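Enquirer: Numbered per our numbering, the sequence shown spans residues 1 to 253.
Among these hints, one or two may not hold up.
[What the hints assert, rightly or not] Distance condition first, Cα-Cα at most 27 Å in a straight line; then the derived DSS-like pairs of lysine-lysine:
#	residue 1	residue 2
1	37	16
2	37	25
3	25	77
4	147	4
5	96	55
6	96	4
7	77	37
8	155	16
9	4	37
Keep in mind the hints are simulated off the structure, nothing from the lab.
Nothing here was measured: the structure is a model prediction, and the numbers come from that model.
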Amino acid sequence: MDGKRFWEGVSLTVAKEYDLSRVGKVIVGGDGASWVKEGAELFGGLYELDRFHLKRALHQGLGSDPLVNEIYQACVKGEVVSVERLLTRAQQEADKERAEEVMRLRGYLMDSYYGLRDYGVEISGEGLRGLGAVEGNVDKLFADRMKKRGMSWTKEGANRMARLISLSHSGKLDTKKKISTGKPALTPAGTTHRSEREEYEAEDGGTWLEASMPALYGPHADRPWVQMLRELTRGHIEGVAHATHPESQPTKS
1 MDGKRFWEGV
11 SLTVAKEYDL
21 SRVGKVIVGG
31 DGASWVKEGA
41 ELFGGLYELD
51 RFHLKRALHQ
61 GLGSDPLVNE
71 IYQACVKGEV
81 VSVERLLTRA
91 QQEADKERAE
101 EVMRLRGYLM
111 DSYYGLRDYG
121 VEISGEGLRG
131 LGAVEGNVDK
141 LFADRMKKRG
151 MSWTKEGANR
161 MARLISLSHS
171 GKLDTKKKIS
181 TGKPALTPAG
191 TTHRSEREEY
201 EAEDGGTWLE
211 ASMPALYGPH
221 ADRPWVQMLR
231 ELTRGHIEGV
241 AHATHPESQP
251 TKS
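Using the sequences and the hints, build the whole thing.
Expert: Here you go:
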């Protein structure tokens with residue numbers, strides 16, 4: 001979705017938990033993308049360039065130059081004129097290749113010039129704190145799992161995984177549920193027999209998590225790696241972590 005639609009959804013979600021009329025100021029942190037800045041404008045708040053992206057940009061443009069720390073401190077204080085002066089000097093003193101890197105850095109910082117300073121410079125009061133590890137939270141919880149290492153997700157699958165991650169971190173996901181591995185009980189005469197897949201779907205009951213794994217019901221359903229996959233999908237992790245196919249070496253997943 002576009003930025004405007006996204007922020008409208010965010011504002012509705014936030015309004016369910018907070019009385020926005022009593023909120024003094026909303027602070028929005030981001031990586032410099034224009035749609036993130038739009039969120040600050042929508043809430044009538046302040047935009048702040050994420051400190052991770054600020055430091056990364058400085059090191060990419062200036063390397064290990066001691067000037068990095070001086071410029072960073074000037075950014076945090078909102079001293080944009082000093083930032084421009086220091087970068088201009090660095091660009092003039094650098095070789096051609098490095099000068100191009102510094103020029104890109106200048107463009108990036110000047111594009112977010114009003115988000116360089118720490119919001120505490122403009123807002124006074126007790127309990128002010130940094131915006132936290134914004135990039136770390138996005139990267140570790142979602143981006144690393146969804147985009148990196150050659151992974152690809154459908155929208156439906158990504159939505160289910162995001163919900164599972166959220167449940168896990170909020171302590172609401174039961175990963176210790178034991179699944180019986182004994183022989184199934186005999187079905188009384190006249191009782192309609194349900195397949196293993198139907199039993200599993202009926203037991204789950206969560207329509208938002210409905211999904212199928214063809215390997216569990218295909219021609220190789222009796223193979224060790226499929227049995228391990230079946231146990232993992234049911235939450236029975238203990239005792240299967242070291243199971244491997246007899247014809248292959250263990251692999252990391």
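Enquirer: Run the structure past the numbered hints and jot down the numbers of the failing ones, going up.
Expert: Of the numbered hints, just 6 does not hold.
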